[in-house]
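Quick mapping for you: the protein sequence lines, in order, are chains H and Y. Numbering follows this note's numbering, with no gaps: position 285 of the first sequence is 367. Numbering follows this note's numbering, with no gaps: position 1 of the second sequence is 2.
Hints may be right or wrong, so weigh each one.
As the list claims (entries may be wrong) - Taking lysine-lysine pairs in the BS3-like style, the calculated list, with each CA pair at most 27 angstroms apart, reads:
1. H:Lys313 / Y:Lys42
2. H:Lys397 / H:Lys417
3. Y:Lys27 / Y:Lys42
4. H:Lys444 / H:Lys124
5. H:Lys434 / Y:Lys27
6. H:Lys310 / Y:Lys54
7. H:Lys283 / Y:Lys54
8. Y:Lys42 / H:Lys339
9. H:Lys113 / H:Lys170
10. Y:Lys77 / Y:Lys27
Since the hints were made in silico from the structure, they are not lab data. As the structure is a prediction and not an experimental result, all values here were calculated from the model.
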Amino acid sequence: MRILIIGGGMGGTILANNLARRLTTELKSGKARITMLSASDKHMYQPGLLYLAVGRITPDELYRDQASLLEPGIEFHVDPVTEFHLDKNEVLTRGGKTHAYDVLVIATGSRMVPESIPGLAENCETFYTEETALKMFKRLRAFEGGRVVITVGVPHKCPMAPLEITFMLHDYFKDRGILDKVKLHYTYPIGRTHSLENVAKWATPEFDRLGITYETLFNMKEVDGENKILKSEEGSEVPYDLLIAIPAHKGMEVIEKNGLGQNGWIPTHRHQLNMEGRTNVFVLGDTTNLPISKAGSTAHFEADTLGENIAAMVKMGTPVRDYDGKVFCFIEAGKDRATYAMFNYQNPPDPKAPTKAVHWFKMAYNKLYWVSARGLL
Amino acid sequence: MAERRIIDARGSFCPGPLMELIAGMKMANVGEELEVLSSDKGSATDVPEWIKKVGHELLGTREENGVWHIVVKKAK
Ligand SMILES: Cc1cc2nc3c(=O)[nH]c(=O)nc-3n(C[C@H](O)[C@H](O)[C@H](O)COP(=O)(O)OP(=O)(O)OC[C@H]3O[C@@H](n4cnc5c(N)ncnc54)[C@H](O)[C@@H]3O)c2cc1C
Numbered sequence: 083m084r085i086l087i088i089g090g091g092m093g094g095t096i097l098a099n100n101l102a103r104r105l106t107t108e109l110k111s112g113k114a115r116i117t118m119l120s121a122s123d124k125h126m127y128q129p130g131l132l133y134l135a136v137g138r139i140t141p142d143e144l145y146r147d148q149a150s151l152l153e154p155g156i157e158f159h160v161d162p163v164t165e166f167h168l169d170k171n172e173v174l175t176r177g178g179k180t181h182a183y184d185v186l187v188i189a190t191g192s193r194m195v196p197e198s199i200p201g202l203a204e205n206c207e208t209f210y211t212e213e214t215a216l217k218m219f220k221r222l223r224a225f226e227g228g229r230v231v232i233t234v235g236v237p238h239k240c241p242m243a244p245l246e247i248t249f250m251l252h253d254y255f256k257d258r259g260i261l262d263k264v265k266l267h268y269t270y271p272i273g274r275t276h277s278l279e280n281v282a283k284w285a286t287p288e289f290d291r292l293g294i295t296y297e298t299l300f301n302m303k304e305v306d307g308e309n310k311i312l313k314s315e316e317g318s319e320v321p322y323d324l325l326i327a328i329p330a331h332k333g334m335e336v337i338e339k340n341g342l343g344q345n346g347w348i349p350t351h352r353h354q355l356n357m358e359g360r361t362n363v364f365v366l367g368d369t370t371n372l373p374i375s376k377a378g379s380t381a382h383f384e385a386d387t388l389g390e391n392i393a394a395m396v397k398m399g400t401p402v403r404d405y406d407g408k409v410f411c412f413i414e415a416g417k418d419r420a421t422y423a424m425f426n427y428q429n430p431p432d433p434k435a436p437t438k439a440v441h442w443f444k445m446a447y448n449k450l451y452w453v454s455a456r457g458l459l
Numbered sequence: 002m003a004e005r006r007i008i009d010a011r012g013s014f015c016p017g018p019l020m021e022l023i024a025g026m027k028m029a030n031v032g033e034e035l036e037v038l039s040s041d042k043g044s045a046t047d048v049p050e051w052i053k054k055v056g057h058e059l060l061g062t063r064e065e066n067g068v069w070h071i072v073v074k075k076a077k
């Protein structure tokens, strides 16, 4: 069975390694073959960008060579896919190669699209790429005080990032001794400070305690850069001196261009993770249209399910289990405290008050990630 | 009539049904109808609240076997 994985990010890498370990014998005998096509020879630990934006790590710490993370037996090419021919069970790459498959897995991730809001890209700082996170940090270093507005687009990856960056900015300015000159103001798309009700329940009083003001039911409409005003769909206007945005996201262009899903989100079965209407195409991570968090942990748990299922398809012709919607997210509540939320389709999360211990566990996980990507954790 | 866009947000705690609707609205055309499926009863109040604030149109809300179906029309 020829298994072709498109995307060497969190989901694709964990799945490829998981499969390679389950299928050692089949890979040796030639009964199975795993090929990965990706757009980069580097693997970025994206959650690290949050720390880069506040000067707590350097860019080199974000990367490993993708090939070094893969189990032997996985064929890896840096050659992005440009065309999907699902009816022919083939993809075409930028390098002009055709790859045929029996099972296809699409894990191409998502990207921010600040250009979807007029005036946003030119006037905001953000941290969703290495370049923008570095630029944001340099801007923070030069900032001497004023009104800092944190604003959030929908959908976006990492649901905890809006709160995390707000608390981290608070502590950053405090450490620099200029907190009294800074006014932090947070906006959020729905009617509370976070989509998870129990998270909002501790975040809101925390904002009140720290003097962080907030406006909910606020969806960005446009930015008037000249007058430094952020306007919302709901009709309000917020002045800023420094605008920090978590822009809305889309899936990759190649997905939409090939008609696999509007805005790059592929219609995906919530339990089997196959692309709707296709039995040999699976989807994983940010690029699904599932109503769950676009997070690394989601990609990880989905990859665990798919690893088991695709290996079972090779060995006995049928998948064996369902994905239950599991997500686990750490939530940094400042520079030295954190909590976490765990939930699935059936059970809501119940995050506890932030502690130092959870923060240090998250710091350890930032290193352990490389073990996790190898599929060992 | 064009087919209604279904937003299946059952079992969604994060981002949640309203966020799914906000994302869905961006992909819809003006005049298009969207139906949100939610297993969270809070959606029966927070979706209409947002629809009203932004100025879209609420066409109806009903509950069937623990699932709320909220139908809205993109007005602008
Ligand atoms: C600032 C920030 C903080 C975050 N914090 C957290 C956190 O604390 N916890 C958490 O769980 N998640 C967090 N995330 C989210 C997490 O990083 C993503 O959800 C996760 O990486 C998604 O995995 P993926 O495999 O779907 O996509 P990615 O990991 O983005 O991988 C996509 C892969 O596809 C490849 N690709 C793209 N186009 C093509 C193509 N045409 N052909 C072939 N390959 C292609 C890319 O090169 C890449 O290798 C954070 C993200 C950011 C940006």
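The hints, checked one at a time:
The hinted pair formed by Lys313 (chain H) and Lys42 (chain Y) fails the criterion: a straight-line CA distance of about 30 angstroms is larger than 27 angstroms. A C-alpha spacing of about 48 angstroms is found between Lys397 (chain H) and Lys417 (chain H), which places the hinted pair above 27 angstroms, so the restraint is violated. Among the hinted pairs, Lys27 (chain Y) with Lys42 (chain Y) is consistent with the structure: their alpha-carbon atoms are about 24 angstroms apart, no more than 27 angstroms. For the hint pairing Lys444 (chain H) with Lys124 (chain H), the CA-to-CA distance comes to about 23 angstroms; that is within 27 angstroms, so the pair holds.
Under the criterion of a C-alpha separation no larger than 27 angstroms, the hint pairing Lys434 (chain H) with Lys27 (chain Y) is inconsistent with the structure, at around 34 angstroms. Distance check on the hinted pair: Lys310 (chain H) and Lys54 (chain Y) sit about 24 angstroms apart at the alpha-carbon level, within 27 angstroms; holds. Pair hint Lys283 (chain H) plus Lys54 (chain Y) holds up; C-alpha atoms about 23 angstroms apart against a cutoff of 27 angstroms. Taking the CA atoms of Lys42 (chain Y) and Lys339 (chain H), the gap is near 37 angstroms; set against the 27 angstroms cutoff, the hint is violated.
Note on Lys113 (chain H) and Lys170 (chain H): the hinted pairing holds, with a Cα-Cα distance of about 21 angstroms set against a maximum of 27 angstroms. Of the pairs offered as hints, the one joining Lys77 (chain Y) and Lys27 (chain Y) holds, with about 11 angstroms between alpha carbons and a cut-off of 27 angstroms not exceeded.
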